[in-house]
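Given the sequences, and given the hints that come with them, work out the whole structure.
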Amino acid sequence: MNEKIEEITALIQERCLWQFFSRSWDREENIEGIMTMTGKILNGEKINLVTPADKAFYSDAKNLAADIQNKMPWISELDKSGILELVEGVKKRLLHITVKKSRNCELNLPNY
14 MNEKIEEITA
24 LIQERCLWQF
34 FSRSWDREEN
44 IEGIMTMTGK
54 ILNGEKINLV
64 TPADKAFYSD
74 AKNLAADIQN
84 KMPWISELDK
94 SGILELVEGV
104 KKRLLHITVK
114 KSRNCELNLP
124 NY
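14 is the number of the first residue of the sequence shown in the numbering used here; add one for each residue after it.
Just to be clear, a hint being listed does not mean it is correct.
List of simulated lysine to any residue pairs, SDA-like, C-alpha gap at most 20 Å [claimed, not checked]:
(1) 53 to 75
(2) 68 to 49
(3) 75 to 64
(4) 17 to 32
(5) 75 to 33
(6) 17 to 80
Simulated restraints, written as ranges between beta carbons of each label pair [as the list claims (entries may be wrong)]:
(7) 116 to 62: 32 to 40 Å
(8) 123 to 23: 28 to 36 Å
(9) 23 to 89: 14 to 22 Å
(10) 58 to 116: 35 to 43 Å
(11) 90 to 58: 14 to 22 Å
(12) 86 to 35: 33 to 41 Å
(13) 49 to 85: 15 to 23 Å
(14) 116 to 92: 35 to 43 Å
(15) 116 to 68: 27 to 35 Å
(16) 75 to 16: 21 to 29 Å
(17) 49 to 84: 15 to 23 Å
(18) 38 to 59: 27 to 35 Å
Derived from the structure by calculation, the hints contain no laboratory data.
Every value quoted in this text rests on a predicted model; they were computed, and no experiment measured them.
For each residue, glycine too, the CB sits at the ideal point set by N, CA and C.
If you want it as structure tokens, here you go:
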């Protein structure tokens with residue numbers, strides 16, 4: 014599973030700008046929202062788009078899910094719990110890279 018997590022993380026780092034918003038809370042919110050929505054799409058769940066944020070996350074998640082399905086055929090071999098495990102692993106990895114390990118001192122400035 015770790016190889017698959019790294020493969021999807023690499024795809025996101027290469028193709029997705031939403032991971033690099035200017036504040037740590039923005040990054041955390043985007044990673045959580047988009048990856049959760051991506052998991053729902055990959056699992057074929059019904060998605061309710063209630064808020065503008067839901068719609069924004071869905072837009073990015075739809076593109077990411079399509080990229081994953083096109084570039085990583087092994088995704089179709091995972092069951093629902095496997096996809097959830099994968100999504101949670103990618104979330105943790107992205108948060109580690111883009112928030113916890115980031116050297117950007119402006120991520121946590123309170124005056125912005």
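These are the hints, each one checked on the structure:
1. Taken as a hint, the residue 53 and residue 75 pair is honoured in the structure, with Cα atoms around 10 Å apart against an allowance of 20 Å.
2. Among the hinted pairs, residue 68 with residue 49 is consistent with the structure: their alpha-carbon atoms are about 13 Å apart, no more than 20 Å.
3. Proximity of residue 75 to residue 64 is assessed by CA-CA distance (about 16 Å); at most 20 Å being required, the pair is judged to hold.
4. Distance hint between residue 17 and residue 32 is fulfilled; the C-alpha atoms sit about 19 Å from each other, no more than 20 Å.
5. With a C-alpha separation of about 19 Å, the suggested pairing of residue 75 with residue 33 holds against the 20 Å cut-off.
6. Pair hint residue 17 plus residue 80 holds up; C-alpha atoms about 14 Å apart against a cutoff of 20 Å.
7. Distance hint check for residue 116 and residue 62: the Cβ-Cβ separation is about 36 Å, which falls inside the suggested range of 32 to 40 Å.
8. Taking the beta carbon of each, residue 123 and residue 23 are about 33 Å apart, inside 28 to 36 Å as hinted.
9. In this structure the supplied range 14 to 22 Å holds for residue 23 paired with residue 89, their Cβ-Cβ distance being about 20 Å.
10. Separation of residue 58 from residue 116 is about 37 Å and conforms to the stated range, judged on CB atoms against 35 to 43 Å.
11. A beta carbon spacing of about 18 Å between residue 90 and residue 58 agrees with the range 14 to 22 Å that was offered as a hint.
12. A beta carbon spacing of about 35 Å between residue 86 and residue 35 agrees with the range 33 to 41 Å that was offered as a hint.
13. With their beta carbons about 19 Å apart, residue 49 and residue 85 fall inside the hinted range of 15 to 23 Å.
14. Judged by the Cβ atoms, the range 35 to 43 Å given for residue 116 and residue 92 holds: they are separated by roughly 38 Å.
15. Hint check: residue 116 to residue 68, Cβ distance near 33 Å, so the stated range 27 to 35 Å holds.
16. Take residue 75 and residue 16: their Cβ atoms lie about 25 Å apart, and the range 21 to 29 Å holds.
17. Here the CB-CB span from residue 49 to residue 84 is close to 21 Å, well matched to the stated 15 to 23 Å.
18. Range check, residue 38 to residue 59: Cβ separation about 29 Å, and the 27 to 35 Å hint holds.
Violation of the numbered hints given earlier is absent; every hint is satisfied by the structure.
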